[in-house]
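Going line by line, the protein sequences match chains A and B.
Just so we're aligned, residue 1 is where the first sequence starts under full-length UniProt numbering, counting upward by one.
Just so we're aligned, residue 1 is where the second sequence starts under full-length UniProt numbering, counting upward by one.
Among these hints, one or two may not hold up.
[Said to hold, decoys possible] Here are the simulated EDC-like cross-link-like pairs (lysine to aspartate or glutamate), alpha carbons at most 20 Å apart as the crow flies:
no. : chain 1 : residue 1 : chain 2 : residue 2
1   : A       : Lys18     : A       : Asp7
2   : B       : Lys75     : A       : Glu59
3   : B       : Lys3      : A       : Glu71
4   : A       : Lys2      : B       : Asp7
5   : B       : Lys75     : B       : Asp50
6   : A       : Lys3      : B       : Glu59
7   : A       : Lys3      : B       : Glu68
8   : A       : Lys75     : A       : Asp25
9   : B       : Lys75     : A       : Glu11
10  : A       : Lys18     : A       : Glu8
11  : B       : Lys69     : B       : Glu83
12  : B       : Lys75     : B       : Asp25
13  : B       : Lys2      : A       : Asp48
14  : B       : Lys3      : A       : Glu68
15  : A       : Lys3      : B       : Glu83
16  : A       : Lys69     : A       : Glu83
17  : A       : Lys30     : A       : Asp14
18  : B       : Lys30     : A       : Asp25
The set of hints was computed from the structure by calculation and includes no laboratory data.
There are 2 protein chains.
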Amino acid sequence: MKKIELDETREFLDKGMKRFFLVADSPYLKLINFNLTAGHVFPVHSHDLDGQLTIQVLEGSGAFLGAEKAEIQAKTGDILFSEIREPHGVRADTDMRILVTITPPI
Amino acid sequence: MKKIELDETREFLDKGMKRFFLVADSPYLKLINFNLTAGHVFPVHSHDLDGQLTIQVLEGSGAFLGAEKAEIQAKTGDILFSEIREPHGVRADTDMRILVTITPPI
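Make the full structure from the sequences, and use the hints.
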C-alpha cells in the first residue's frame with residue numbers, strides 16, 4: 001500500500017503551459033496528474049493500442065475534446081472515459097487539474 | 001467517449017451506511033463511487049487475484065485501513081494505491097466520497 005497526496009503536486013507553470021507528475025506507474029495502470037493553466041490546450045491525440053483511459057477533472061473547468069472538433073463541457077468531478085485509440089484531448093478554460101488513469105499503462 | 005458526472009451520484013444514506021454506484025465497467029477497468037456516511041467502516045478485505053486498485057478520496061476525511069490494524073490518514077485528494085491481494089479498507093470519519101478504480105476489473 002502506498003499513499004499518494006494530490007495536494008503535493010498542485011503546481012502551475014506560466015499561462016498556457018502544463019506541468020505534470022507521474023504519480024503512479026505499475027504493471028496494471030499509470031496515473032498522471034496534469035496541471036493546465038487557463039488557456040492551455042492538451043491537443044487531441046490517440047494511440048493505436050488496446051486499453052482504456054479516464055480523465056478526471058480535479059479542479060477547474062474547460063472541455064474534453066474528441067474527434068472532428070467534438071467538445072464536451074468538463075467541470076470538477078467530471079470524468080471522460082475513452083478507449084486509448086479514440087482521439088481525446090482537453091482544453092483548460094480556467095486553471096485546471098486533471099488526473100489521467102491509463103490501463104494497461106503505455 | 002463517455003462522460004461520467006460524479007456530481008450526479010452524490011447521495012448518502014442514513015448514518016453508518018454506504019451507497020455505491022458503478023460508474024464504469026469495461027474490459028480494462030471498473031470505477032465505483034462509494035458514498036460513506038460518517039462512522040461507516042468499509043471492512044478490510046482482499047482478493048487473491050493479480051491486479052491493482054486505487055481508492056481516491058473525493059470529499060471528506062477518515063483513514064485508509066490495511067493489514068494488522070494499519071491506518072493511514074485520508075483526506076480529499078489522497079489516493080491509496082494497493083495490490084488487489086493486499087488487505088485494504090476505509091473508515092469514514094466525516095461523510096466521505098471515494099472513487100475506487102480496479103484493474104483488471106473483478
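Exercise for the section: Against the structure, test the hints numbered earlier, and report the numbers of the ones violated in rising order. Expected result: Going through the list in order, the structure violates hints 4, 5, 8, 12, 17 and respects the others.
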